[in-house]
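Participant: Quick note on this note's numbering: the sequence shown kicks off at 1 and runs consecutively.
Please note that the accuracy of each hint is not assured.
Stated by the list, open to error - Dumping the calculated DSS-like pairs for lysine-lysine here, alpha-carbon to alpha-carbon at most 25 Å: (1) K157 / K145; (2) K123 / K167; (3) K108 / K123; (4) K81 / K69; (5) K108 / K81; (6) K145 / K156; (7) K108 / K69; (8) K167 / K156; (9) K156 / K166; (10) K157 / K167; (11) K156 / K123; (12) K54 / K69; (13) K37 / K54; (14) K145 / K123; (15) K123 / K81; (16) K37 / K69.
Rather than coming from a laboratory, the hints here were simulated on the basis of the structure.
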Amino acid sequence: MKTTMNFTTSAIAVAIAVFLLSSPLFAQESQSDAVRKVQTEMEQAFGTFPTFMKVYPEHLRPGIWEWTKAWQSPDAAIPAKYSELIALAVAAQIPCNYCVYYHTEMGKMLGATEAEMQEAVAKAAEIRHWSTVLNGAGLDYEEFKAEFDKMLAYVKKQAAASQESKKE
1 MKTTMNFTTS
11 AIAVAIAVFL
21 LSSPLFAQES
31 QSDAVRKVQT
41 EMEQAFGTFP
51 TFMKVYPEHL
61 RPGIWEWTKA
71 WQSPDAAIPA
81 KYSELIALAV
91 AAQIPCNYCV
101 YYHTEMGKML
111 GATEAEMQEA
121 VAKAAEIRHW
131 STVLNGAGLD
141 YEEFKAEFDK
151 MLAYVKKQAA
161 ASQESKKE
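Turn these sequences into a full structure, and let the hints steer you where they fit.
Facilitator: Encoded structure:
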């Protein structure tokens, strides 16, 4: 009985060791399959496997590709065109020439007009401008928020009054 227990215990230990040692190999094989799948999907989508993806670390490609596709999903809260306008504005502020080109062309493809793209970039510049002014002036942040909240309440009250007068 003792010999059977030792044999069973040894067999279980060996099975666990083999599983633990082989798991990273399965993960690597699965990772390689995932990397190949990304390349295949991108070639099918774009007619090529882009250089910007070739220089991206292989082990990160599956994740970034899924992330990229999710932004273009019809399930996204922000429609793709507006997402590209936001990205263009951010790209202009970073600045990133590659990103500006990419998001300009994607925006056009998704129906963004030249005027919309110009306005998105101008909005980014406006934010940069006021960030410089407000931070440079050293305004107290809590005082700024309190003042803005009062201004916003006033504007809402005025809008409500205007709506009431239109009903009469």
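Participant: Each hint: holds or not?
Facilitator: Hints, verified against the model:
Restraint check: the Cα-Cα separation between K157 and K145 comes to about 18 Å, which is no more than 25 Å; the hinted pair holds. With a C-alpha separation of about 34 Å, the suggested pairing of K123 with K167 is violated against the 25 Å cut-off. The suggested pairing of K108 with K123 holds, with an alpha-carbon distance near 18 Å, which does not exceed 25 Å. Among the hinted pairs, K81 with K69 is consistent with the structure: their alpha-carbon atoms are about 14 Å apart, no more than 25 Å.
A threshold of 25 Å between alpha carbons decides the hint, and for K108 with K81 the separation of about 8 Å falls inside it, so the pair holds. Under the criterion of a C-alpha separation no larger than 25 Å, the hint pairing K145 with K156 is consistent with the structure, at around 16 Å. Pair hint K108 plus K69 holds up; C-alpha atoms about 18 Å apart against a cutoff of 25 Å. Restraint check for K167 and K156: the C-alpha separation of about 17 Å stays at or below 25 Å, so the hint holds.
A C-alpha spacing of about 15 Å is found between K156 and K166, which places the hinted pair at or below 25 Å, so the restraint holds. Restraint check for K157 and K167: the C-alpha separation of about 16 Å stays at or below 25 Å, so the hint holds. The suggested pairing of K156 with K123 holds, with an alpha-carbon distance near 23 Å, which does not exceed 25 Å. Annotation: proposed proximity of K54 to K69 holds, straight-line Cα distance about 17 Å (limit 25 Å).
Distance hint between K37 and K54 is fulfilled; the C-alpha atoms sit about 14 Å from each other, no more than 25 Å. For the hint pairing K145 with K123, the CA-to-CA distance comes to about 21 Å; that is within 25 Å, so the pair holds. Restraint check for K123 and K81: the C-alpha separation of about 16 Å stays at or below 25 Å, so the hint holds. At most 25 Å may separate the alpha-carbon atoms for a hinted pair to count; K37 and K69 meet this at roughly 14 Å.
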